[in-house]
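Protein chains in written order, with my numbering: chain A, 741 to 902; chain B, 741 to 902; chain C, 741 to 902; chain D, 741 to 902.
Everything labelled a hint here was simulated from the structure, so no lab data went into it. Mixed in with the good hints there might be a few duds.
The list treats identical chains as interchangeable, and a pair is accepted whether it falls inside one copy or across any two copies.
Using 20 Å as the maximum straight-line C-alpha spacing, the simulated PhoX-like pairs for lysine-lysine come out as follows [to be verified]:
#1 K880 / K750
#2 K847 / K858
#3 K786 / K768
#4 K847 / K750
#5 K865 / K850
#6 K847 / K862
#7 K768 / K858
#8 K880 / K768
#9 K847 / K894
#10 K898 / K750
#11 K880 / K850
#12 K847 / K865
#13 K750 / K768
Here the structure is a predicted model, which means the values were calculated and not measured.
Number of protein chains: 4
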Amino acid sequence: MPDLNPEHLKAVINAINDGPFFVHMSMKVTEIGVGFSIVVIEIERKHMNPFGGLHGGVYAAAIDTAAYWSAYCDLPEENGLVTIDLKVDFLAPVLDEKIIIYGQRIKSGKTIYLTEAKMCDKDEKLLAHGTSKLMVTHNKQSINDVVDYIGSSKLPQKYLRR
Amino acid sequence: MPDLNPEHLKAVINAINDGPFFVHMSMKVTEIGVGFSIVVIEIERKHMNPFGGLHGGVYAAAIDTAAYWSAYCDLPEENGLVTIDLKVDFLAPVLDEKIIIYGQRIKSGKTIYLTEAKMCDKDEKLLAHGTSKLMVTHNKQSINDVVDYIGSSKLPQKYLRR
Amino acid sequence: MPDLNPEHLKAVINAINDGPFFVHMSMKVTEIGVGFSIVVIEIERKHMNPFGGLHGGVYAAAIDTAAYWSAYCDLPEENGLVTIDLKVDFLAPVLDEKIIIYGQRIKSGKTIYLTEAKMCDKDEKLLAHGTSKLMVTHNKQSINDVVDYIGSSKLPQKYLRR
Amino acid sequence: MPDLNPEHLKAVINAINDGPFFVHMSMKVTEIGVGFSIVVIEIERKHMNPFGGLHGGVYAAAIDTAAYWSAYCDLPEENGLVTIDLKVDFLAPVLDEKIIIYGQRIKSGKTIYLTEAKMCDKDEKLLAHGTSKLMVTHNKQSINDVVDYIGSSKLPQKYLRR
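Chain A on its own, in the form it takes in the complex:
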């Protein structure tokens, strides 16, 4: 595989963090690398279910996001990637004001990618675990759609020529 362009990844992180749902959820991708990603959410009252705990949808949104971006570096520049499923196991209530989600790619196949993510509190206590499968596409949900939708400037190329 050719080398990834760090300028591309920086620009992608900036662009996706401007995505409406990311902003709405106070959710940020802080790192994307080969086979991993890191997502952070600052917990506020708006994330709470009627019982006063973190809504399951927040766990799921965070795990979906970290799982997705953990696979991005494996994807050829011209292809897209869509999520086909998501599974979340809820392991402990969230008591801190911040959660960190570590996405990891388990396998990148030709068509299907399998990823996982672990949600932790700031003391690395495991709060939830998830897996997600993605499908490589030829014309749907490529990174250029982010540029178009967010209106960010053209991205630097993904891979460096050697």
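Given the coordinates of chain A, assemble chains B, C and D onto it according to the supplied hints.
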């Protein structure tokens, strides 16, 4: 099983729809009955991922919610119910401005409940399918916690004496 | 969709029931129709885990099989179908000597099919529930591979000309 | 946690490998330790689906087994453990005559354990990935049931006094 009190269900729906994440997501439970529930989300720009499609976390939050409340009528008044897992299969992109999610209880065991939910557009096209397991608790996440957290008035009793 | 040829389905059922693992497990597909299938296993001591209960792998094998064949009628004759995932929720121990598994197709997309299956005892008590996703292929695991592997006679065509 | 008794683990491995389904499937647990287990299957024609590939039920049985026993060392001697769900992602066809499955415990809670397992060929190529949840019981499926069912001699105690 004794008869459910419709006044109780009405009050529960009102209270949970005041939950912070429900309001934040423009998500409403519109019906709760024995073995089912209905959830509605009005889609706005805030729900969009950076590609311009509905974020997977919105699908997941809606399915989690519909699945959860489909089981509520089976739960003895003094018990609580926590979600232990959620699985979502994403089947089609959302193109309408409104999604309706039909929750259904598959089985209520002594300790574990299995539920499912189907997300549809207004023409009943299936957009996503999910399953979720819940665990009956003796002291966690009972409906009284909603009253305490939301600050709603005391709920009418759940079951009618005969 | 053109009409299915009942002679084709009969021949397919006969051929797959000669598959080595089917025979080994005393597992039989008894029906395949549009959007559904039925699988039956006669429980013997060989299916038992070391605790004396039905091994989880038997539940899983039966659900995988019923889910798979529920989708078969939707598949164009020239394509193949491979299972990409399987999820099983275990709901009750098996006490009878026979289990019946009802497969049902939830959605047939262009590339991905979602199916489910319910395992019941002879009184229709629900013992387990599962979902499974399949991927349509262009050159892998088509029904002709069954003819080749099992050595059955050529299958009647799948669809009837009108 | 007190120290595990290696004699107990050896005796457990011997006893469960005499379980009917283990023998029927040519499946053996070769190791059980704190947070992990290893399972091996020698692939034969009997494991094949009608297409000539390894039946999904074999993948599932192996992953279910490795996931289950990875959690055994965390379980207090007097308790039992039942599987409540199993998810398998199928990643590659099996071409070797032997598969090795590595079970790993992700989290042991008070009531629910989450485990995972990776199925590999002899070159450590990942063929399938799974997760499974188990529930701690107070009177069901304890290790003494294995002694009763298999008819093995009384097991050495699980933990060493210090």
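Cross-check of the supplied hints:
1. Taking the shortest alpha-carbon separations for K880 and K750, neither the intra-copy value of 22 Å nor the inter-copy value of 40 Å comes in at or below 20 Å.
2. For a Cα distance limit of 20 Å, the shortest separation of K847 from K858 qualifies both inside one copy, at 16 Å, and across copies, at 11 Å.
3. When the C-alpha separation of K786 and K768 is checked against a cutoff of 20 Å, the pair qualifies both within a copy, at 16 Å, and between copies, at 15 Å.
4. For a Cα distance limit of 20 Å, the shortest separation of K847 from K750 qualifies neither inside one copy, at 24 Å, nor across copies, at 34 Å.
5. In this homomeric assembly, K865 and K850 come within 20 Å of each other (Cα to Cα) only across copies, at 15 Å, whereas the closest approach inside a single copy is 34 Å.
6. Taking identical chains as interchangeable, the C-alpha atoms of K847 and K862 lie at most 20 Å apart only when they sit on different chains, with a minimum of 17 Å there against 27 Å within one chain.
7. In this assembly of identical chains, the alpha carbons of K768 and K858 lie at most 20 Å apart only when taken from the same copy (16 Å versus 29 Å across copies).
8. In this assembly of identical chains, the alpha carbons of K880 and K768 never lie at most 20 Å apart, being 23 Å within a copy and 31 Å across copies at closest.
9. Taking CA atoms no more than 20 Å apart as the test, K847 paired with K894 passes in neither setting, with 29 Å inside one copy and 38 Å between copies.
10. Only within a single protomer do K898 and K750 lie at most 20 Å apart by alpha-carbon distance; the minimum there is 11 Å, versus 53 Å between protomers.
11. When the C-alpha separation of K880 and K850 is checked against a cutoff of 20 Å, the pair qualifies both within a copy, at 16 Å, and between copies, at 14 Å.
12. Taking identical chains as interchangeable, the C-alpha atoms of K847 and K865 lie at most 20 Å apart only when they sit on different chains, with a minimum of 10 Å there against 25 Å within one chain.
13. In this assembly of identical chains, K750 and K768 lie within 20 Å of each other by CA distance solely inside one copy; the values are 13 Å within and 37 Å between copies.
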